[in-house]
Amino acid sequence: MKLNYLRKLVKEELKKSLKEDYQDKYKMVGLLVTNIKQRPQKEIYSDIRSITGISVISSKEKIAPGDQNKQQYQTVLTVKVDGYPWIKKGGFNRNKMEEIAKAITDVEGVLSFKLNPDNISPI
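So the sequence shown is numbered by my numbering: it starts at 2 and just counts up by one.
Honestly, the hints are just simulated from the structure, not real lab data. Any given hint might turn out to be false.
To be verified - List of simulated lysine-lysine pairs, BS3-like, C-alpha gap at most 30 Å:
1) Lys-81 to Lys-26
2) Lys-3 to Lys-43
3) Lys-12 to Lys-38
4) Lys-115 to Lys-38
5) Lys-81 to Lys-115
6) Lys-26 to Lys-9
Computed from a predicted model, the values in this text were never measured in an experiment.
All chains should be built: construct the whole structure from the sequences, respecting the hints.
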């Protein structure tokens, strides 16, 4: 009985690991802080969408828009990433997501993008 349970457990963990290793699409969720007085939110989102690998973004206001500081506007940003551009060049994995998060912070008007590694998941 114990041996069958152990086999089942190992099999499940192996499936999870393989799914992660061969995954080419990921989703990450983080807190985006922007200065919408400096630059409109639409333009900021457009530039984020143009980052290599990003296929879809969506956002939800953390605080009601009327109550937010326009110089530190906070939204919860969900980003879906397709790894195809990196797979062609030799590899795509979870670590590339941190590079993409860094690229988001480099967009003009973005003050920060706080990403918890636990909020990165394969799709």
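Taking the hints in turn, this is what the structure says about them:
1. Distance hint between Lys-81 and Lys-26 is fulfilled; the C-alpha atoms sit about 7 Å from each other, no more than 30 Å.
2. Proposed proximity of Lys-3 and Lys-43 is contradicted: the alpha carbons are some 57 Å apart, above 30 Å.
3. Among the hinted pairs, Lys-12 with Lys-38 is inconsistent with the structure: their alpha-carbon atoms are about 53 Å apart, more than 30 Å.
4. With a C-alpha separation of about 20 Å, the suggested pair Lys-115 and Lys-38 falls inside the 30 Å cut-off, and the hint holds.
5. As the CA atoms of Lys-81 and Lys-115 are separated by approximately 16 Å, the hinted pair is consistent with the 30 Å bound.
6. Restraint check: the Cα-Cα separation between Lys-26 and Lys-9 comes to about 27 Å, which is no more than 30 Å; the hinted pair holds.
Taken one by one, the earlier hints fail for this structure at numbers 2 and 3, listed in ascending order.
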